[in-house]
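Please dock the two separately framed chains into a single complex, following the hints provided.
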Amino acid sequence: MTEQSTNEARRTGPKLSFILPLIGFLILAGFAAAALFATLSGSRNPAQLPSVLISKPAPATPVPLLDNGLGTLDLADFAGEPLLVNFFASWCAPCRAEAPALALLAEGVTVIGIAYKDKPADTSAFLTQFGNPFSAIGVDRDGRLGFAWGVYGVPESYVIGSDGTVLLRHAGPIDRRVLDEVVMPAIKDAR
Amino acid sequence: MKPVLRSCGVMFLLAAGIFVGGIFGGITTPAMAITAEEMLDDPTLESRARELSKQLRCLVCQNQSIDDSDAELARDLRREVRGQLMTGATDSEIIETLRGKYGDYLLLNPPISSGTYILWLAPLAVLIGGAGLVLAARRTRRTGAATGQAQEQSQEQSQEQSQEQPHEAVAGSDDQASRSGFGAGSGSGSGSGFGFGSGFGYIYFAGGALVLAASLGLYLMLGRADLGDQPLAQRQAEIETAAKAQNQQAETLAAALARAKQQTIDEPTNVGNWLRLAQAAAMADDNQTEIRALTTAREMTGDDVTVKSMLAEALSRAAGGQITVPARTLIASVLASSPDEPRALYLAGLAAYQDEDYARAVSIWQRLRTVSVDDAPWMSLLDDNIADAAAAGGIDIPEAQSRPGPDEADIAAAAEMSDEDRTAMIEGMVSGLAEKLAENPDDVEGWRRLGRAYEVLGRPEDAASALISAANAVPQDIDQQVTTLQMIVTSGLGRQYITPASRLIERATLLAPDRLDLLFLRGHFAKLEGRTDKARELWQRLLGQLPSDSPYIDDLKAAIAAL
Chain A
785 MTEQSTNEAR
795 RTGPKLSFIL
805 PLIGFLILAG
815 FAAAALFATL
825 SGSRNPAQLP
835 SVLISKPAPA
845 TPVPLLDNGL
855 GTLDLADFAG
865 EPLLVNFFAS
875 WCAPCRAEAP
885 ALALLAEGVT
895 VIGIAYKDKP
905 ADTSAFLTQF
915 GNPFSAIGVD
925 RDGRLGFAWG
935 VYGVPESYVI
945 GSDGTVLLRH
955 AGPIDRRVLD
965 EVVMPAIKDA
975 R
Chain B
513 MKPVLRSCGV
523 MFLLAAGIFV
533 GGIFGGITTP
543 AMAITAEEML
553 DDPTLESRAR
563 ELSKQLRCLV
573 CQNQSIDDSD
583 AELARDLRRE
593 VRGQLMTGAT
603 DSEIIETLRG
613 KYGDYLLLNP
623 PISSGTYILW
633 LAPLAVLIGG
643 AGLVLAARRT
653 RRTGAATGQA
663 QEQSQEQSQE
673 QSQEQPHEAV
683 AGSDDQASRS
693 GFGAGSGSGS
703 GSGFGFGSGF
713 GYIYFAGGAL
723 VLAASLGLYL
733 MLGRADLGDQ
743 PLAQRQAEIE
753 TAAKAQNQQA
763 ETLAAALARA
773 KQQTIDEPTN
783 VGNWLRLAQA
793 AAMADDNQTE
803 IRALTTAREM
813 TGDDVTVKSM
823 LAEALSRAAG
833 GQITVPARTL
843 IASVLASSPD
853 EPRALYLAGL
863 AAYQDEDYAR
873 AVSIWQRLRT
883 VSVDDAPWMS
893 LLDDNIADAA
903 AAGGIDIPEA
913 QSRPGPDEAD
923 IAAAAEMSDE
933 DRTAMIEGMV
943 SGLAEKLAEN
953 PDDVEGWRRL
963 GRAYEVLGRP
973 EDAASALISA
983 ANAVPQDIDQ
993 QVTTLQMIVT
1003 SGLGRQYITP
1013 ASRLIERATL
1023 LAPDRLDLLF
1033 LRGHFAKLEG
1043 RTDKARELWQ
1053 RLLGQLPSDS
1063 PYIDDLKAAI
1073 AAL
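Those sequence lines, one after another, are chains A and B.
The numbers in my numbering rise by one with no breaks, and the one at position 24 of the first sequence is 808.
The numbers in my numbering rise by one with no breaks, and the one at position 384 of the second sequence is 896.
Any given hint might turn out to be false.
As the list claims (entries may be wrong) - For each label pair, taking beta carbons as the anchor points, the in silico distance ranges come out as:
{"id": "1", "chain 1": "A", "residue 1": "Trp875", "chain 2": "B", "residue 2": "Ser626", "range": "38 to 46 Å"}
{"id": "2", "chain 1": "B", "residue 1": "Gln998", "chain 2": "A", "residue 2": "Gln832", "range": "54 to 62 Å"}
{"id": "3", "chain 1": "B", "residue 1": "Gln758", "chain 2": "A", "residue 2": "Asp947", "range": "52 to 60 Å"}
{"id": "4", "chain 1": "A", "residue 1": "Asp947", "chain 2": "B", "residue 2": "Leu619", "range": "24 to 32 Å"}
{"id": "5", "chain 1": "B", "residue 1": "Met795", "chain 2": "A", "residue 2": "Gln832", "range": "41 to 49 Å"}
{"id": "6", "chain 1": "B", "residue 1": "Gln988", "chain 2": "A", "residue 2": "Thr949", "range": "32 to 40 Å"}
{"id": "7", "chain 1": "B", "residue 1": "Gln760", "chain 2": "A", "residue 2": "Gly892", "range": "33 to 41 Å"}
Stated by the list, open to error - Here are the simulated lysine-lysine pairs, DSSO-like style, with alpha carbons at most 30 Å apart:
{"id": "8", "chain 1": "B", "residue 1": "Lys1039", "chain 2": "B", "residue 2": "Lys1069"}
{"id": "9", "chain 1": "B", "residue 1": "Lys566", "chain 2": "A", "residue 2": "Lys901"}
{"id": "10", "chain 1": "B", "residue 1": "Lys613", "chain 2": "A", "residue 2": "Lys901"}
It should be emphasised that the hints constitute simulated quantities derived from the structure, not laboratory data.
We put the beta carbon where it would ideally sit given N, CA and C, even for glycine.
Next comes chain B alone, as it looks inside the complex (with noise of 0.2 Å):
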């Protein structure tokens, strides 16, 4: 056997495995998905229908034809040639009126066209190459060298032997050890290359056979459709199991949200019960009720902005994540009159992020890092998303988000400890981070995390220190001053620090004269320096720009009241 003859032989082999293969992938397919109510009554036409449905590819699934699928489409395509041959419509007729609607692709057997010619005419040069080889095979064994119908016979008369007894030849006897070796290598495999002796065709054989003889094995045992879904059976207790403790979850959540419901009830005009319910409502997966407790909400408290990006968050879970053109217009709105609304800017990232346009994402999110407290819950997360949106972008973001000192790990770490544990731990970090500062005082953001690690420690004097600091290290922002008073107010220190936080107001003053909440705490402020006509007057300008609906109206009334 010549060696290209061999190949030929290799590649036969493998044309008949994937010949069987395919009859057993055949065999295994269910043949037919057509139900009964399809069938139409004449079995000549039902027939023909059947064939015609062979024909015909379905578009959804692409491999099938209509008559194997149970698409959708492939159903109305079954109809429709059922009712055209109801019509009386001949099979080519058929054919043509729906390739003119869904063009050469519907047709499993391809029509030869400039697009498939290399389709149909492959095989047939395939054919006439193969002959062409074996062929010119032939001559230039005829014309070989003078030996060559010697070595001819030689070969043919060792493959006769080794055909009646190949393992002999391993084993050699007399005669075959005239061979010098050749021979037995056709048994043990020891050849060195392509093209060497005869007994080479049976390996490929063997080898050949052995795969199909295994794959057909595999699949008796594995792979028969008439066989259950092994794994599934297996896993039947445990998905039990899940289901049980699922449902007992459900019921608590169904009864929270059953009593939430109760106390709306109740009391229909408290808000705390509406958002109670829409928060029960969220754990239990009631989008619908959430979306009406809130819309409730919203209209008690008249267009409240956190309300509003409750809504809009709820409208786009109950829509699957997708930040729907209604919870946009509801961010849009939010962010308008406070731009620095957390829950709307991560919406409105998150919109972005859906829209691909991951620059705008980045940057949103990074203003919501930039206004969120550094131990807000949704940092972490935001960071992730932050990276997220980078990566997808190809953006580089600053390596801002690794600071010295004790971060929100840290301290959630120290919640764990004792408290003398805990104390002495951050007390450490925080004298760190003391002496850092002490040599760069521009670091805003330590200064935040000083000032932060020492409310923690319950120093508010210390914390209102760091927080002035900060406020000083940037003059020029407005928030980080606004922030700084009110942190000196709420900790009720403003008597002790009224110094320094009257140059924070006479500074936050020309940057923004106008601002709300820095109108309140100027007021405040004259009130502790005994300027009770400032103050007065600093108020009422306020409660005149206050919307009419603010709930803060009555207690900035009943202040001026106490003047």
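In isolation and in its complexed conformation, chain A is listed as follows (with noise of 0.2 Å):
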């Protein structure tokens, strides 16, 4: 009888005890690879989040300019060319390093500077220091604007189409590489 039970245990058991969990781990161990291949390659980021700003128009909070405190800083002014709108501050490591980038960017695109969260004399010490590629510069003291942007920490970039659309919004420092694989391809897609 025993012997019995022990075949028949053999027969079914092995199979769908040992099969059905392995495939359920499969399944998930497959996701966790792609996630991370997608990782690795850098085609995923989950430091990058989507902005709802996407194909919207860009927000209008007027802030005032750098330069003597008196202007507003409107980007209706600039329109009918890509714009590439740069929150950065003067405390902020990675938007130092990149500054380079911005300045070679610049000598083709209008760069529009947004100091978050920043004093204003601080913002002046570190655009002499690391140098200035911005057409304009906004100050954004308290945060609103940014608040409005939905920018969730410093540098953020975000390309404007040449009718005041958000087409592209790039969280974290702008590299060699960032510029020529996605901001440079979404200024040429806004021309």
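In structure tokens, the structure reads:
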């Protein structure tokens, strides 16, 4: 009797109880591996969150200009050409790293800076030290403009089309690779 | 128990483990990050704010709610939530406003949408699938062999018994012995596959319980939130000693800096004082003083390329190693006037490297390599950098780095020896190299090395001969001709080597008739040949071409006057 029971267990048991969890595990492992490889190859970046502004007009919250604090930054003044709007701050280390790439970009594209939660004096010192690629600089002392744009950390950059709609958001510093592979193609499309 | 059921049981245990772990994890997490000043006075509004905050994700930390997170952004969002509550907005209005800025990702409780339905439906699918499996297993059991029922009973019986007396099952009474050793397997774990005797359920259970108990024990011993940071406490004394030593060093450096500053005050017109101040400031990590001192030195020397390069380096150091845009401008202007300035070349390579333009970095650094003397102090660093950049850019560099004969390491080793030993060692290497060069006179690098080795040995004549051979090996290389001529002039061998030198001069003049350092050398050799008029003419020409602020002008005027 026990002999038979053993045999029966051998016939059905190993199959189901072994194969089913194995399949479940393989499916999960497949998802994990796909995510891992996408991250390694750079096509997936968990820190890059989708922006709700994409294909919508850029928010028009007025902020004072850095120069004298008298004028107001209005993106409409730059309508008709693609823009790069860059949220930066003197206290932000990666903003230093992206300065050369922004300088390169500014040779062909209008770059607007938004000094996010920064003292104007510090911003000016930062620009003297690391170079000023910006055609205009708005001062967002309390982060209100950043909130309107959904900024969640600096540096953060937005490509704005000629018609004022947001085409791309890039969170994090722009290095040469990002410039060539992400920002420039978006600007080319916008033209 | 059916095998399928058993594996479901195992999964249940795992799930329970994760659940229990989650509870412990939850207990240790600091409950809130909110500060007293943020809180609203109205307790009802404040509790609504807290509830809302718990539903909103901090986009910086991503796995914390804004209620938990200390991040700047979380604080802003908490403030925003409270601000809107004060204006009388409803919870859903507040969530909608924020969601309009930051998207669905802000919500820790994600809404059902095309992107999240798998997330919501997966547990349901697993539950239904599991139930289906159990039902299928039951049906198999009912419609199984005729002996199925009896087997069931027997198995259940055995299970009951082993539950009552699990140890006796191993010991084996008469009753259990009749089970032909199969029942014993339940306790000893000697079964050879899946789906064996019912006792295996206990093994899984005991294993799971053991893991849970062990984790709890480990947690209570090592991981409790109220325990201090143990490794740090042990290293406290070590850290204090290191800090003391560091303080002392900082004091020494600060004193040196103060002395250097005083010197620039005492004698502000001496450029050397400003350069020494820059050096002391660099040692003391005082970038601002360094930059100020170098800026002053730059003005005093009228844009001297070395000072400009040092300034570029200081600016980059102040920016944490990043070659900044102002530094790049300086470097470019230095290289435009003197393309071989080593510091500017090094920084230009570094800038290209930071731009991830590795091919350019390698080519700039290799250029620096060729214009540097082989025992330049930056050589090994440079080689490391070239290798780094080549690896990063996937560039193949020719293995020209390893050459025969004495290299920097050999010469450094020689410095450690006694005079006789050193001389013997270098002479041994030199004669070996000289023999090789006799067979292969086109090896210009070899001749240069031989020349340097002879200089170390204090044999300038042999050094000059070797460098003349180097110049002859590359007759089209203007730099090598000039370098050889300079070596001959600086070691005072001009008169002795006047014949080979004039050959080099002829060759070099054809290649670059207007080169300034060549004009000087031509004048010098014309003077040695006794052609004073020719020398005067050449040096006058040189004088006309030197920039008006060149430091050489006075010396040159004196030399012309002495003709």
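Numbers of the earlier hints that this structure fails to satisfy, in rising order: Hints 6 and 7 are the ones this structure does not satisfy, whereas the remaining hints hold.
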